Amino acid sequence: MVATETSTAAAADPGWKTLARVAAGDADAFASLVESHQERLLRLCERLLGDLEEARDAAQEVFLKAWRKAGEVTPRGQVYTWLYRIAVNHCLNKLRRRKLVRFLRWTDPEEPDAPAFDPPDGAADPAAVLEARRRWRAARRAIGKLPENQRVVLILARFEGLPYRQIAEVLGITEGAVESRLVRAMRRLEATQESGESRVPGEERTR
Amino acid sequence: MNRGTEHDLIRLLHGELAEGEARELRARMLREPDLAAAFRRLERTWNGLEPPPPSPVPPGFAARVLARARAQGPPGALSWSAAPGWVRAAAAAALIAGAALGAGVGRSWPAAQAGETGFQEESVSIAEENEYSLTGSYWELVDETTGDEEQQL
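Protein chains in written order, with my numbering: chain A, 1 to 207; chain B, 1001 to 1153.
This is chain A alone, in the form it adopts within the complex (with noise of 0.2 Å):
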C-alpha cells in the first residue's frame, strides 16, 4: 500500500505522497495530481492516438483508474511513469479496439479512421499549424507502420524524450529491449524514407 511503502520512492518523487493522500480519499490531493499531470498525459494520448477528442477521454480515464488503483500501486521511480504505463495501455487496448471494428466493418485498414490532429485552439499561425500537421500525417503513416511494440518504444523516446530507463520502466521491459525495438523502429522508419512508399517529412525527395 501507498501509504506504508518504503520512503525512498516518496523521497525521490512527492508525488507519491500525494498519491497516499488519494488513496485515502482526498479529492483535493486527487485534483493536484490531475493538474500536474493532465498536460503532459493528454500530449501522450494524442500521440498515440492521433485524435484530440479520444486522447481527451482517454486521459480522463486513465486519471480515474489512477483514483482507482492509488492505494495499490507499489511506489517505484517517478508517478508520472506509472501514470504512463496505464495510458500506454489504455491507448493501446483503444488502438486494438478500432481495428477489430475496422475489421467487423471491413473498412479499408489503409485508411485513416481520425483525422491527425486538429490544430490547437486559438492556434497563432494557421498556415504553419497546416504545414505542421501534414508533415505529422506522413509521419504518423510511417510510424503507423511499425509493429506496436516498436512504435510505442520511438513515440516514448522520441516524443516524450524519456531516457531508456524510463521507458523499460513505463513498459516493464529491459533496457536492453527498449534500445532494440528502437532500433529496429529507426531501421524500418529509414527503409521506408529510402524506398520512399510513405517519406519520413522533413526530407525533401531528391529526383
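No wet-lab data here; the hints were simulated from the structure.
Here the structure is a predicted model, which means the values were calculated and not measured.
Warning: the hint list may mix true and false statements.
Below, simulated SDA-like cross-link-like pairs (lysine to any residue); rule was C-alpha separation at most 25 Å, straight line [claimed, not checked]:
{"#": "1", "chain 1": "A", "residue 1": "145", "chain 2": "B", "residue 2": "1003"}
{"#": "2", "chain 1": "A", "residue 1": "145", "chain 2": "A", "residue 2": "175"}
{"#": "3", "chain 1": "A", "residue 1": "17", "chain 2": "B", "residue 2": "1074"}
{"#": "4", "chain 1": "A", "residue 1": "17", "chain 2": "B", "residue 2": "1061"}
{"#": "5", "chain 1": "A", "residue 1": "17", "chain 2": "A", "residue 2": "29"}
{"#": "6", "chain 1": "A", "residue 1": "17", "chain 2": "A", "residue 2": "39"}
{"#": "7", "chain 1": "A", "residue 1": "145", "chain 2": "A", "residue 2": "192"}
{"#": "8", "chain 1": "A", "residue 1": "17", "chain 2": "B", "residue 2": "1064"}
Fit chain B to the given chain A structure using the hints.
Chain B alone, transformed into the frame defined by chain A:
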C-alpha cells in the same frame, strides 16, 4: 556497420551516450566517412519525426475528472477487480447478451416505420448511443479485469 555501432549511433541521437563515449564516436565519424553517412541518415529520419505542438489542455479538464472521480466514490470503493471472478464473468456475459439482443431488435425493426414517423434520424442516433454505451461498458469491464497498468508490452 556492425550492430553495436548502430546502437551507439542511436544512443548518440537520443542523448543516451555518456559524454566521453559521444566524443569518441564523433571522432570516429571524422575518420570513417561511411559511419558519418550512416549517422546523417539516421539523424535525418530522427529529426523528420517532429509532431506539431500538443493541443492545450481543455479548460475545466481537471474539474471534470474530479467530478467523475467523486461520482465513483472513494478509491477502490467499487472496483470490478475486487469482485469475484464468477461475478465478473456473469456481468460480461450479460453485457454481451444485451448487446446481441439490442443488435437483433435494431435489425428487425422495420425501417419504413421509423421513416413514417419522421423520427428516423433520431432513432439512429439513439441506437448508436446505446451501442456505444454497451460496448463501452464491456470494454471498461475488460480493462478493469485485466488491469491496464499490469500488462506487459
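Status of each hint after checking the structure:
no.: 1; hint: 145/A to 1003/B; verdict: 23 Å, holds
no.: 2; hint: 145/A to 175/A; verdict: 23 Å, holds
no.: 3; hint: 17/A to 1074/B; verdict: 17 Å, holds
no.: 4; hint: 17/A to 1061/B; verdict: 23 Å, holds
no.: 5; hint: 17/A to 29/A; verdict: 9 Å, holds
no.: 6; hint: 17/A to 39/A; verdict: 20 Å, holds
no.: 7; hint: 145/A to 192/A; verdict: 9 Å, holds
no.: 8; hint: 17/A to 1064/B; verdict: 23 Å, holds
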